[in-house]
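Trainee: Below are the chains, spelled out letter by letter.
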Amino acid sequence: MHEVGITRSLVEIAEEHARTGGHNKVLSVSVDIGELSGVVAEAVEFCFEAVVRGTLLEGSRLIINRIPGAMRCRDCQQEFPADNYTLECPQCGSFMLDFTKGKELQMTEMEVE
Amino acid sequence: MCIECGCGEINHHHHDHEHDPGPKTLRVEEDLLAKNNRLAGLNRALFAERGVFVLNLVSSPGSGKTSLLEKTISDLKTELCFAVLEGDQQTANDANRIAATGAPVKQINTGAGCHLDAHMVGHGVEGFDLDAADILMIENVGNLVCPAEFDLGEQHKVVILSVTEGEDKPQKYPHMFRAADIMLINKIDLLPYLDFNLEQCRTYAQQVNPDIRIFELSCNSGEGLDSWYDWLRQATA
Ligand SMILES: Nc1nc2c(ncn2[C@@H]2O[C@H](COP(=O)(O)OP(=O)(O)OP(=O)(O)O)[C@@H](O)[C@H]2O)c(=O)[nH]1
Ligand SMILES: [Mg+2]
Ligand SMILES: [Zn+2]
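Protein sequences, first through last, are from chains C and B. The first sequence runs contiguously to residue 113 in my numbering. The second sequence runs contiguously to residue 237 in my numbering.
A couple of the hints might just be wrong.
Claimed, not checked - Below, simulated SDA-like cross-link-like pairs (lysine to any residue); rule was C-alpha separation at most 20 angstroms, straight line:
#	chain 1	residue 1	chain 2	residue 2
1	B	LYS24	C	LEU87
2	B	LYS24	C	LYS101
3	B	LYS71	B	ASP31
4	B	LYS24	C	VAL4
5	C	LYS103	B	PRO210
6	C	LYS101	B	PRO210
7	C	LYS101	B	GLU29
8	B	LYS77	B	ASP211
9	C	LYS103	B	THR25
10	C	LYS25	B	GLY22
11	C	LYS103	B	ALA179
12	B	LYS35	C	GLU15
13	B	LYS24	C	GLU113
14	B	LYS24	C	GLU104
15	B	LYS24	C	SER30
16	C	LYS25	C	PRO68
17	C	LYS101	B	ASP75
18	B	LYS24	C	GLY22
19	B	LYS106	B	SER67
20	B	LYS172	C	ASP83
21	B	LYS172	C	VAL40
22	B	LYS172	C	ASN24
23	C	LYS103	B	LYS24
24	B	LYS35	C	PHE80
25	C	LYS25	B	THR25
26	B	LYS35	C	GLU104
27	C	LYS101	B	ASP31
28	B	LYS71	B	TRP231
29	C	LYS103	B	ASP226
30	C	LYS25	B	PRO23
31	C	LYS101	C	LEU56
32	C	LYS103	B	GLN171
33	C	LYS103	B	LYS71
34	B	LYS172	C	SER30
35	B	LYS172	B	PRO61
36	B	LYS35	C	VAL4
37	B	LYS24	C	LEU62
38	B	LYS24	C	THR86
39	C	LYS103	B	LYS106
40	C	LYS103	B	LYS77
These are computed hints drawn from the structure, not numbers from a lab.
Can you build the whole structure from these sequences, using the hints too?
Mentor: Printed below as a string of structure tokens:
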């Protein structure tokens, strides 16, 4: 359950930016979570309420933007969607694949007051 | 977009609403692992400066991480100087086993934590004489999921898979086998008693990670350890 740690760093980052800007309440935070990032969005959602207790984010809304995964074949250069670890290129069958999208794990925006 | 109030309208010069204390949107592009990655970068710089080669050993519980360390240290201690960080949720059992080899060791107990992070490692090595060490071995918490995400400042993540776990583990836990660049298939002395398909296991691992380098060995019989030792010698030369 490393999602608790990830959620804690989200809260830390948001609080730091809020304080720097002189705000004392965070209304919402938006995050990009890639489908291939290894972080389960539902688990982040699940622990968010508990983690924000007693912080500037208490009562705030968590907006998760899921980024679908994509991979590219080293052999035929084909790029294709991959919501899971796809094991072979759908075009040529090669295993030589690299991620092009879906590893994101990033805070993007926050609403403050 | 209006920078002042962040209200999102482009042609918006006449503000007919009050600015404060209304809500305001801040654009903050920051990686959620940024803090760990920053600390891992500091560890990596420290290790480079002191000339220490660092491996992060990851696997499911009981695959043989500590056995591999005991064996490797005992066999190579006249050539190479080791230091070891042991990560477990609880107990100092593994640290005691390593201490018996004579190598400096520090146990990190993570409590409820499911992985080591760069912060723990940074403090973990504080008591070591890094100038004297050639190799720092970090045995991560036995877990094939979470440690994949956390850079500790190592040169290589080494994933250990023992043959009693089944050949499909690279497919079931692809994140870990993708994050690692070295894979050790351990306990091959048990192959005669199992249905484990070694060839299939290699293929699965290469499908998940085309760049992975694979060693097959047994800490019990000693088979295959020589190529592992050669790799360590070359890497630290
Ligand atoms: N047959 C056989 N048994 C082995 C081998 N390597 C380790 N073992 C046994 O596997 C068990 C677990 O080994 P450990 O070295 O404690 O495994 P570990 O990965 O450090 O375990 P945790 O730290 O608890 O995750 C022990 O009983 C070892 O004796 C091997 O090559 N062959
Ligand atoms: Mg161990
Ligand atoms: Zn292809």
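Trainee: All hints are to be evaluated individually against the structure, with a verdict given for each.
Mentor: These are the hints, each one checked on the structure:
{"no.": "1", "hint": "LYS24(B) x LEU87(C)", "verdict": "violated (44 angstroms)"}
{"no.": "2", "hint": "LYS24(B) x LYS101(C)", "verdict": "violated (30 angstroms)"}
{"no.": "3", "hint": "LYS71(B) x ASP31(B)", "verdict": "violated (39 angstroms)"}
{"no.": "4", "hint": "LYS24(B) x VAL4(C)", "verdict": "violated (27 angstroms)"}
{"no.": "5", "hint": "LYS103(C) x PRO210(B)", "verdict": "holds (18 angstroms)"}
{"no.": "6", "hint": "LYS101(C) x PRO210(B)", "verdict": "holds (18 angstroms)"}
{"no.": "7", "hint": "LYS101(C) x GLU29(B)", "verdict": "holds (17 angstroms)"}
{"no.": "8", "hint": "LYS77(B) x ASP211(B)", "verdict": "violated (30 angstroms)"}
{"no.": "9", "hint": "LYS103(C) x THR25(B)", "verdict": "violated (25 angstroms)"}
{"no.": "10", "hint": "LYS25(C) x GLY22(B)", "verdict": "holds (11 angstroms)"}
{"no.": "11", "hint": "LYS103(C) x ALA179(B)", "verdict": "holds (12 angstroms)"}
{"no.": "12", "hint": "LYS35(B) x GLU15(C)", "verdict": "holds (14 angstroms)"}
{"no.": "13", "hint": "LYS24(B) x GLU113(C)", "verdict": "holds (6 angstroms)"}
{"no.": "14", "hint": "LYS24(B) x GLU104(C)", "verdict": "violated (25 angstroms)"}
{"no.": "15", "hint": "LYS24(B) x SER30(C)", "verdict": "holds (13 angstroms)"}
{"no.": "16", "hint": "LYS25(C) x PRO68(C)", "verdict": "violated (31 angstroms)"}
{"no.": "17", "hint": "LYS101(C) x ASP75(B)", "verdict": "violated (44 angstroms)"}
{"no.": "18", "hint": "LYS24(B) x GLY22(C)", "verdict": "holds (12 angstroms)"}
{"no.": "19", "hint": "LYS106(B) x SER67(B)", "verdict": "holds (16 angstroms)"}
{"no.": "20", "hint": "LYS172(B) x ASP83(C)", "verdict": "holds (15 angstroms)"}
{"no.": "21", "hint": "LYS172(B) x VAL40(C)", "verdict": "holds (16 angstroms)"}
{"no.": "22", "hint": "LYS172(B) x ASN24(C)", "verdict": "violated (44 angstroms)"}
{"no.": "23", "hint": "LYS103(C) x LYS24(B)", "verdict": "violated (29 angstroms)"}
{"no.": "24", "hint": "LYS35(B) x PHE80(C)", "verdict": "violated (32 angstroms)"}
{"no.": "25", "hint": "LYS25(C) x THR25(B)", "verdict": "holds (12 angstroms)"}
{"no.": "26", "hint": "LYS35(B) x GLU104(C)", "verdict": "holds (15 angstroms)"}
{"no.": "27", "hint": "LYS101(C) x ASP31(B)", "verdict": "holds (15 angstroms)"}
{"no.": "28", "hint": "LYS71(B) x TRP231(B)", "verdict": "holds (15 angstroms)"}
{"no.": "29", "hint": "LYS103(C) x ASP226(B)", "verdict": "violated (37 angstroms)"}
{"no.": "30", "hint": "LYS25(C) x PRO23(B)", "verdict": "holds (9 angstroms)"}
{"no.": "31", "hint": "LYS101(C) x LEU56(C)", "verdict": "violated (32 angstroms)"}
{"no.": "32", "hint": "LYS103(C) x GLN171(B)", "verdict": "holds (18 angstroms)"}
{"no.": "33", "hint": "LYS103(C) x LYS71(B)", "verdict": "violated (37 angstroms)"}
{"no.": "34", "hint": "LYS172(B) x SER30(C)", "verdict": "violated (30 angstroms)"}
{"no.": "35", "hint": "LYS172(B) x PRO61(B)", "verdict": "holds (16 angstroms)"}
{"no.": "36", "hint": "LYS35(B) x VAL4(C)", "verdict": "holds (15 angstroms)"}
{"no.": "37", "hint": "LYS24(B) x LEU62(C)", "verdict": "holds (16 angstroms)"}
{"no.": "38", "hint": "LYS24(B) x THR86(C)", "verdict": "violated (41 angstroms)"}
{"no.": "39", "hint": "LYS103(C) x LYS106(B)", "verdict": "violated (33 angstroms)"}
{"no.": "40", "hint": "LYS103(C) x LYS77(B)", "verdict": "violated (40 angstroms)"}
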